[in-house]
Amino acid sequence: MVCRFRSAQAALRAACDMQAATASFPSVGGHKLAIRIGCTYGPVVLKGGDVFGDTVNVCSRLVALGNPGQVLTTRQAVEALPAALRERCRELYSARVRGRAREVKVWETLWRSDPDMTELNLASEMAAGRQGRVLRLSYGGDTVTLDAAGALRLGRDKANDVVVESALASRVHARIFVREGNFVIADQSSNGTFLLIDGNSQELRLRREEALMGERGWIGLGKPVATRGPHVLSYRLERIG
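Residue numbering for the sequence shown follows the numbering used here, starting at 105 and increasing by one per position.
Hints may contain errors.
[What the hints assert, rightly or not] Across the chosen pairs, the derived CB separations fall in these ranges:
1. SER128 - ARG343: 24 to 30 Å
2. LYS136 - ALA187: 30 to 36 Å
3. LYS262 - GLU191: 46 to 52 Å
[Claimed, not checked] Listed below are the simulated SDA-like cross-link pairs for lysine to any residue, each with C-alpha atoms no more than 25 Å apart in a straight line:
4. LYS262 - TRP322
5. LYS209 - GLU191
6. LYS209 - CYS120
7. LYS262 - PHE281
8. LYS327 - SER242
9. LYS327 - SER270
10. LYS327 - ARG279
11. LYS209 - LEU189
Please keep in mind that the hints were generated in silico from the structure rather than gathered at the bench.
In this text, a Cβ means the ideal position worked out from N, Cα and C, and glycines have one as well.
Using the sequences plus the hints, can you model the full thing?
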């Protein structure tokens, strides 16, 4: 669904209200509805009752990068917000968007509110909750562990931390690291990195881009995860301590 607003403030408030409303819905048959929202601020082209242009393309990319329950936006949108709403946003990472020479600064809007704490404290609490977690990455019967202080390199070259012996994998294909408490995967390859987060129906294809990895999922180097071939990696986050 694509929506157009007259101001960044109206868009972000609507996005937060949509997430809050969705979170209030009960589960049906053991399934819980969740949505991903991306919004930015800029000009659009109106034609035939539809909207087009670079602004729409950026929104589409934000939705693809987001996890269920997230509201992702851009620096342009944050800078157009009043101070009270800007405090509910935090910068995450930079991502490439097809057709753009420069990377887009991706921000998250914190839509959950609690009358007993400020939004800044809420962000700090969320970051603290991510501490003490490690990522377990499994491939070919082996499992490696990544904590918040380290990083992993994936690829065909023997010097990588995880060696994937596939002709579709680049010598140094991708890197996994931690940024602000989040586990992030960054593609550095020729054929792209495929990411399927558990609970999502559609996998992401990263081309010189980054994405948050979520709690658990699967990674394909140069080939979609859906093929379930021998070179698909699986991962999960675990709490320690």
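- [ ] List, from low to high, the hint numbers that the structure doesn't satisfy.
- [x] none
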